[in-house]
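**Q** These protein sequences, in sequence, are chains A, B and C. If you read the first sequence in our numbering, its first letter stands for residue 1, the second for the next number, and so on. If you read the second sequence in our numbering, its first letter stands for residue 1, the second for the next number, and so on. If you read the third sequence in our numbering, its first letter stands for residue 1, the second for the next number, and so on.
Keep in mind the hints are simulated off the structure, nothing from the lab. Where hints are given, some of them may not hold.
[Stated by the list, open to error] Simulated crosslink set (BS3-like; lysine-lysine; CA at most 27 Å straight-line): (1) A/Lys-273 / B/Lys-235; (2) B/Lys-139 / B/Lys-232; (3) A/Lys-118 / C/Lys-170; (4) C/Lys-301 / B/Lys-232.
Here are the chains, one letter per residue:
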Amino acid sequence: MDLIRMEKITKTYPGTVALNRVDFHLEKQEIVSLLGENGAGKSTLMKILYGMTAPDSGDIYYRGEKVSFKKPMDAIKNGICMVHQHFMLVQAFTVTENIIAGSEPVNSGFVDIKKARKEVNELIEKFHFNIDPDIRVEELSVGEQQRVEILKVLYRKAGIIILDEPTAVLTPQEVNDLFVILKQLRDDGKSIIIITHKLKETKVLADRVVILRDGKLISDNTKPSEVTTKQLSEMMVGREINLQTRRPTSSKGDVSLRVSNLTVIVDGRPRVKDVSFNVHSGEILGVAGVEGNGQTQLIEALTGLCKPESMELMLKDKQISGTSDNFLKAGIAHIPEDRLSMGLVKEMSIQDNIILGYHRESDFCLNNGLLKKKEIHEYAENLKDKFGIKAPNTEVAVSSLSGGNQQKIIIARAFSRNPEAIIIAHPTRGVDVGAMEYIHQQLIELRDNGAAILLISADLDEVRTLSDRLLVLFEGEIVSESMPGELNEIEMGLLMTGGRTMIEVGDKS
Amino acid sequence: MTDNMKSVKKIQRRQSFANSIGALIFSLLLGMVFIYVIGYSPIESYKAIFGVSLGTVKGFALSLSQATPLMFTGMSFALAYRVKMINTGAEGQLYIGALCAALVGVYVTSLPGIVHVSLALIVAFIAGGLIAGAVALAKAYTGANEIILTLMLNSVIIFFTSYLVNGPLKPPSSGVGQTERIAESAQLTRLIPQTQLTTAIILAIVVALLVQFLLDRTVFGYEVKVTGQNFKAAKVAGINVSKISILTFALSGAIAGLGGAAMVLGVNYRFVEGFSPGYGFAGISIAALAAYSPLAVIPSALLIGVLRAGTITLSRTTSIPVELVDLIQVLVIIFVAAPTMIKPIYKIKDKIVEKFKTRGKTHGGEEL
Amino acid sequence: MIFTTDLILSILASTLRRAVPLLLASLGGTFSMRAGVIDLGLEGMMLAGAFFGVMGANITGSAWMGLLIGVLFGMIFSLLHAVLHVSYKVNGSISGMVINLLAAAVTPLMLNEYFGMSGKSSMVESFTNPHWEWLDNIPIIGPILGGQNILFYLSIILVAISWVFLYKSKFGLRMRMVGENPEAASAVGLNVKAYKYFGVLMSGCFAGLGGVYLSLGQMNLFVENMTAGRGYIAVVINAFGRFNPLGSFIGSIFFGFFDAVQTVFQSFFPSQLVMMTPYLVTIIVILFGLKSGRSPAGTGKHIEN
Chain A
1 MDLIRMEKIT KTYPGTVALN RVDFHLEKQE IVSLLGENGA GKSTLMKILY GMTAPDSGDI
61 YYRGEKVSFK KPMDAIKNGI CMVHQHFMLV QAFTVTENII AGSEPVNSGF VDIKKARKEV
121 NELIEKFHFN IDPDIRVEEL SVGEQQRVEI LKVLYRKAGI IILDEPTAVL TPQEVNDLFV
181 ILKQLRDDGK SIIIITHKLK ETKVLADRVV ILRDGKLISD NTKPSEVTTK QLSEMMVGRE
241 INLQTRRPTS SKGDVSLRVS NLTVIVDGRP RVKDVSFNVH SGEILGVAGV EGNGQTQLIE
301 ALTGLCKPES MELMLKDKQI SGTSDNFLKA GIAHIPEDRL SMGLVKEMSI QDNIILGYHR
361 ESDFCLNNGL LKKKEIHEYA ENLKDKFGIK APNTEVAVSS LSGGNQQKII IARAFSRNPE
421 AIIIAHPTRG VDVGAMEYIH QQLIELRDNG AAILLISADL DEVRTLSDRL LVLFEGEIVS
481 ESMPGELNEI EMGLLMTGGR TMIEVGDKS
Chain B
1 MTDNMKSVKK IQRRQSFANS IGALIFSLLL GMVFIYVIGY SPIESYKAIF GVSLGTVKGF
61 ALSLSQATPL MFTGMSFALA YRVKMINTGA EGQLYIGALC AALVGVYVTS LPGIVHVSLA
121 LIVAFIAGGL IAGAVALAKA YTGANEIILT LMLNSVIIFF TSYLVNGPLK PPSSGVGQTE
181 RIAESAQLTR LIPQTQLTTA IILAIVVALL VQFLLDRTVF GYEVKVTGQN FKAAKVAGIN
241 VSKISILTFA LSGAIAGLGG AAMVLGVNYR FVEGFSPGYG FAGISIAALA AYSPLAVIPS
301 ALLIGVLRAG TITLSRTTSI PVELVDLIQV LVIIFVAAPT MIKPIYKIKD KIVEKFKTRG
361 KTHGGEEL
Chain C
1 MIFTTDLILS ILASTLRRAV PLLLASLGGT FSMRAGVIDL GLEGMMLAGA FFGVMGANIT
61 GSAWMGLLIG VLFGMIFSLL HAVLHVSYKV NGSISGMVIN LLAAAVTPLM LNEYFGMSGK
121 SSMVESFTNP HWEWLDNIPI IGPILGGQNI LFYLSIILVA ISWVFLYKSK FGLRMRMVGE
181 NPEAASAVGL NVKAYKYFGV LMSGCFAGLG GVYLSLGQMN LFVENMTAGR GYIAVVINAF
241 GRFNPLGSFI GSIFFGFFDA VQTVFQSFFP SQLVMMTPYL VTIIVILFGL KSGRSPAGTG
301 KHIEN
């Protein structure tokens, strides 16, 4: 009998169908890899199982009986526990305290710390976790902290453990250690579901693979021993792309943006490892990669928002460094990853937002500091028309616009300043198809006018269609450089997920 | 859903206006409850309060003069809040501004009126600004909490000035802690004789206009608004958020300093210890009521000034305490900060209105 | 002036006396901060405790009843802080200041209404200082500890109880978890709001008690604004004491000492300058002293829904 049976689960959010009549089952003592791209629906499916959200329709059976979990505590009581991607730990507490908090052994109101330590130690010994239970969590490495999270669920006698992208923040060695632990847990009788997009791990770890794509179940019975990573990638990504929309550049010029030896270290961990590349004027250089592989840090360094460990940045023979102000003034425009939180002030009007970052230029203000209100208004109206921003006027608050229109403001803002270089991140994430088309058009136009564009995106389609040259960023390093069309989607997917190395693909550096 | 999308400014203003009015009305209502509990008639009391402060020339002048220092401290708090900093130091900045103005008024001699007054005001402005600026710098460098720093500074300044005017600066024949009387040339003209209403109120309005202009029409004001509303976006846009925060906070203190100068140059003609019955803290409610807009601080201060004037004169004839206004002020802050507290009341009001509507419809015997 | 042993002993005794209200208030602050709520409202809660303690003693004729009523009102004021911040998500610093402003408005109001006086109330029953023969006879310790008010001994006991509660009990651990990471606490099924309310109410209880000490312990009446900023000093003590009871104890002794030494120097220096010193010291401590202990990581944070 199946331990868990989910039937015909459907879940929609405004604008998208997250899950479309998906079936899922879990048996005792197995490790299942729930595989899919960003947005395929895997997290949503597990959130429903765990009680964090409710399905629109569909049934869930646990041990043959129909259940409905209204909140995570319901799931936990039934032995279904989740290890979240972002750890839920109290840094200041010890390992033991973190494990027992909320389910403490008590002795007339007092925490029986002796008993707690004994029980925790037993678990640590049993599974060879190799952690000091009395150490404070803030002193542990990321991999060790994850083990504390796993101990938490073990302490609560979890029979079913869901791990959400567990290897996203681990070093290769830590990944191996984790795999050993997970296999032990399985052998001990537990069932484990791993939400992931990483193929290599799936092949090494899972007993069975369930693949979701665009909210639909593609396969739920794939045995990793019976498929190649290539086939897995196919099932995961398999989509048509329209090569017709590609417009190769005709104006590629000299090297405009020169990045050398860029290294960014955050909290002791190197996130960007000695990266170097050039962008020519009239060229779009695409950087493909799954989120979390150093993109954010790369962008921050190239826009003056963080101080890199080392970097030499030249824009047409001018060295650039310092604060974001310097970068903007030097002509490096930035289209940020996170529109609303980093690029717009939602309470302010379109007009006010459209000059943000450029407000000190002589177009918009006089020498004495007064804003040229009339000119700003005209400018805003012009851009609104030119870029087709849907709004009744330029005085409305940006918060009342759709995501696509918000992105248009940011793009209109940067592109109209004729920047020499543009750093653009995930430009069409969460944006409707019409606006997507438009933004791509704009990028091409700017490129044709001679700008050097660095496009960072996790959307393979987007990056393959738009780029004149393609890099793949994986774990902070450039693992491939190719011309679009040289590598097919499957191969690209593999590079992005660490499935293959540069050597295997055929060194093109 | 099609919204009637008007200008963002209009919608925001309408909402915060409604918010503030709602808060004020509610606070007044609660004040009425309190008066009733003490044993007086709320209607009579409020009639008397407003009758005095709005009905007579002297009363209205008192209202305006009571409002004047509140305009300064209200603007001070509102401005600092625009960069999400809390300036609880207006009281101390008031005192230091007052003392400096008094010193200029007393010890700088033989200057024509306008110059003398201007000098005193400028010195007060700078003094308040330096104190606040220092606090903002401390916060930028050490992460210290500006609330505690300014609160502690309040006490330090008040005690220190008290020491000065009870010691070195005290006139020989005086029984209380104060400075000498300032020169004629430093005195502000009374707008209405035998009242406390001086040209200071014009100064307050001018400052409000200037600050609002600064916020709306200059690059600095733009950067202030962005910094306060989205710190991250401000940094991405190349704005020097530390500089903006420090300057704004300093300006906030400088305005409060002006308020102190206004009291010295216009009302007392000298620095008198304890001259402020909490104008600094009252400024917080004024600012909240004005939804932190410098221009709106003027009518906001006027409203509270009217209340204060009324209560002061009233307290001479009845035993309704002046502190009632303090209580109403605090209630205003509460209801402006947590408007959802009184929303249920609006819901009930809407339900009642609905009931009346449907009652009318079914009058002809139709089914509900 | 010669520094005789008597003088030193009396300074030390005075130090303890003046430390008590600071200790109680900062203990309250500890509870609040540990639950993740900013403790800026301690001043108002103290003032409320001070006044309503006296009013209660006046009504009932008993100092102990007055104490209970004072503590109760300290908690009522803190309840407003909790409601505004935890339930209505108002910024914790603002809701704390609201409490302070409210107490500053209400106490003179009530002073007028209930006692019919302004500035200070009439005298009421207060606490007597217990004397134990054996304590008085111990050299050095005797004169210092012996002359203390009964509330002093109560405070010491409360320090111990607080410490045990916070670090040894189940609820203490849970409350601290809420303060450090409310999301994580919610994920293991804890009622985050309830624990925050608890922490804030405890702060009201302790701060209220501190206020009672000022009015009924040290004196036997209420004087307008008699807390004189002690609540704010308690906030600082709490921060530098690393938000735990022991730290509060040490910090309050430190500030109590300065306060005690004041009266000695009043004969040398102008009174206002002397009265200024605790505030000046506080500023210096904030700016140049040890970096404050890291406050609980979840301070001011709310959970979704």
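**Q** For every hint, state whether the structure bears it out.
**A** Each hint tested on the structure:
1. A/Lys-273 / B/Lys-235: holds, 25 Å
2. B/Lys-139 / B/Lys-232: holds, 18 Å
3. A/Lys-118 / C/Lys-170: Within the cut-off at roughly 17 Å; holds.
4. C/Lys-301 / B/Lys-232: With Cα atoms ~19 Å apart, C/Lys-301 and B/Lys-232 stay inside 27 Å; holds.
Consistency note: the structure conflicts with none of the earlier hints.
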